[in-house]
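2 protein chains.
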Amino acid sequence: MPDRADRLDPQPPAAPSGGTVPDVLATARQRPLLLFGLTPPRRSATPEQVAEIARVTLARLAPLDVDALLLYDIDDESDRNPDERPFPYLPTMDPAVFHATHLSDWHRPTIIYRCVGKYPEPELRDWLEATDPDRVAAVLVGASSSTKEVRTPLPRAHALRREVRPDLAVGGVAIPERHTRGRDEHLRMLAKQEQGCAFFVSQVIYDVDATKSLVSDYRYACRERGVAPQPIVFTLSVCGSLKTLSFLKWLGVAVPWWLENALRHAEDPLAESYEQCLANARELAGFCRRLGVPFGFHVESVSIRKVEIDAAVALAARMRELLTD
Amino acid sequence: MPDRADRLDPQPPAAPSGGTVPDVLATARQRPLLLFGLTPPRRSATPEQVAEIARVTLARLAPLDVDALLLYDIDDESDRNPDERPFPYLPTMDPAVFHATHLSDWHRPTIIYRCVGKYPEPELRDWLEATDPDRVAAVLVGASSSTKEVRTPLPRAHALRREVRPDLAVGGVAIPERHTRGRDEHLRMLAKQEQGCAFFVSQVIYDVDATKSLVSDYRYACRERGVAPQPIVFTLSVCGSLKTLSFLKWLGVAVPWWLENALRHAEDPLAESYEQCLANARELAGFCRRLGVPFGFHVESVSIRKVEIDAAVALAARMRELLTD
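Line order of the protein sequences matches chains A and B.
Each residue of the first sequence is one higher than the one before, counting from 0 in numbering that gives the first Met the number 0.
Each residue of the second sequence is one higher than the one before, counting from 0 in numbering that gives the first Met the number 0.
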């Protein structure tokens with residue numbers, strides 16, 4: 000629901016009713032979005048295992064009052080980084096299939112990532128045509144490196160969406176680290192916006208300063224062009240171990256040295272990173288409010304360790320309180 | 000005074016009594032220092048003008064309850080940066096001479112900068128011998144570039160101080176921007192500490208994130224070597240115009256892009272930078288407290304425009320409240 004009336008909803012918490020994607024995106028200009036991110040089950044899981052994962056996941060998410068689920072489309076990004084991947088790459092289910100077959104009890108919107116380069120155009124077209132734009136939004140993601148084989152380039156995927164499914168809301172990714180390198184990520188965001196992106200989801204944020212610079216450059220560029228800034232959803236992910244830290248870095252997440260020191264020397268890095276995620280969220284929320292940029296948060300765990308997933312669920316609950324204050 | 004009893008001191012505010020340098024440095028481990036920085040009058044000023052400047056300055060500083068004055072030794076740093084200096088370089092009085100001849104009414108410690116490369120060794124030696132270690136501490140500063148003619152190298156100046164004036168407290172400069180480039184400024188601080196530095200004063204801080212990384216790396220390196228971290232005094236300087244902003248950048252101060260945008264688009268950049276200095280001070284104070292690193296603040300104006308000096312005085316007064324809370 001776009002307003003807070005659902006808090007008084009007498010329905011059982013396992014099946015929260017929720018607005019449509021257009022409803023949620025319309026309210027995103029008035030109040031911050033809260034998303035929770037999931038990686039679909041491994042492709043090797045049996046149908047029974049997938050059903051059980053879906054059941055447990057929805058039960059955990061029910062009390063969280065998140066505005067939408069976010070389902071990742073995991074790609075083997077080893078081409079992007081020659082260093083050894085700290086966690087092994089395991090092929091996962093297609094998020095669209097997982098959503099269609101196992102998440103019918105989720106009554107709020109779902110944002111489905113599409114690494115468009117993985118799919119031949121006819122497959123993307125079929126998916127676009129079959130998708131319910133009231134229940135689903137898409138985040139179209141380009142290739143993770145320029146050397147990767149690309150079946151459908153990102154601009155073509157956007158054009159296809161405009162042709163066959165103009166009513167399907169699409170978002171784009173925003174990467175502060177790319178801004179740090181070239182101070183041009185805000186221009187990439189504006190180009191995606193011209194192609195139809197109605198919102199952005201960031202990479203995992205540990206470098207708040209770089210993120211503020213991206214938001215600021217984007218905001219002033221929007222003003223210069225006379226376009227309204229679209230909501231930017233910042234991804235928060237806890238970090239419970241040095242292995243998770245190295246995975247975050249492998250993924251390209253910039254971790255300020257002081258924060259890396261704090262995590263390395265913390266008795267409880269999970270608690271330290273949890274507090275830091277909250278502090279980062281407060282800082283970004285205040286910054287976006289001052290600049291008049293609509294924003295939201297997306298909580299996920301990059302690791303599948305139970306303790307880190309538990310902390311992500313707790314963080315999402317805390318974020319809901321923080322955003323409702 | 001090391002404690003707050005002087006707030007009730009019935010003496011007229013124009014002549015606050017203050018502790019000695021050793022007193023002030025001893026308390027710096029328990030509570031944050033507050034310094035106010037001045038550039039000595041131009042060398043072209045008449046003795047009457049210098050006397051008037053000293054009188055007005057001391058009257059303005061009297062109510063501020065700062066722990067020490069800081070007097071800059073201005074050097075022509077045009078060798079350090081080939082770009083045109085936004086404000087012209089004007090030779091200023093020797094800060095030691097200004098202090099000796101015109102600041103006898105200042106009853107608290109004074110920290111005198113010495114760009115040691117400017118002085119032949121006998122001149123430095125004479126100054127060290129003539130200096131009252133109860134009233135004065137020195138900050139010894141090396142050359143601003145490797146191409147500069149150096150009369151006394153920094154390590155030699157430190158050795159000279161240990162030889163002829165071991166009781167004179169000395170500090171060193173700490174530059175977060177250098178840390179950003181090489182992640183080795185904490186090692187330079189430790190080397191200066193071995194040469195006798197009892198405190199550090201930073202360059203003007205606009206990049207809090209880089210400063211936190213320097214403090215963190217310094218703190219963990221101190222712990223590894225089993226030495227106590229020395230107080231780090233962070234320099235805050237307001238910025239009232241785009242010209243001052245370009246001067247700060249000319250001086251080598253890193254200004255995050257978001258903050259530069261904020262200053263460029265602000266209706267009142269002076270007010271914006273004032274608030275930002277306060278926010279930066281709060282952030283650094285909290286960070287240093289959590290890490291157990293003694294700290295302090297030094298307020299100055301890099302510009303000689305009256306409105307910016309007024310804002311610096313107001314900021315120092317506000318900082319005293321903030322540090323006393």
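Heads up, a few of these hints could be off.
What the hints assert, rightly or not - Covered stretches of chain A (chain B as the covering partner; in silico rule of three or more C-beta atoms under 8 Å from a C-beta of chain B):
(1) 208-216
(2) 251-263
Unchecked claim - Covered stretches of chain B (chain A as the covering partner; in silico rule of three or more C-beta atoms under 8 Å from a C-beta of chain A):
(3) 180-194
(4) 251-260
Treat the hints as calculated values from the structure; they're not laboratory data.
Heads up, the beta-carbon is just placed ideally off N, CA and C, and yes, glycines get one too.
These are the hints, each one checked on the structure:
Counting residues of the stretch 208-216 of chain A whose beta-carbon sits less than 8 Å from any beta-carbon of chain B gives 6, enough to reach three: the coverage restraint holds. Counting residues of the stretch 251-263 of chain A whose CB falls under 8 Å from any CB of chain B gives 5; the rule of at least 3 is met. Counting residues of the stretch 180-194 of chain B whose beta carbon lies closer than 8 Å to any beta carbon of chain A gives 1, which falls below the threshold of three, so the coverage claim is violated. Closer than 8 Å: that is the beta-carbon criterion, and the stretch 251-260 of chain B has 4 residues meeting it against chain A, so the requirement of 3 holds.
When each numbered hint is compared with the structure, a violation occurs for hint 3 only.
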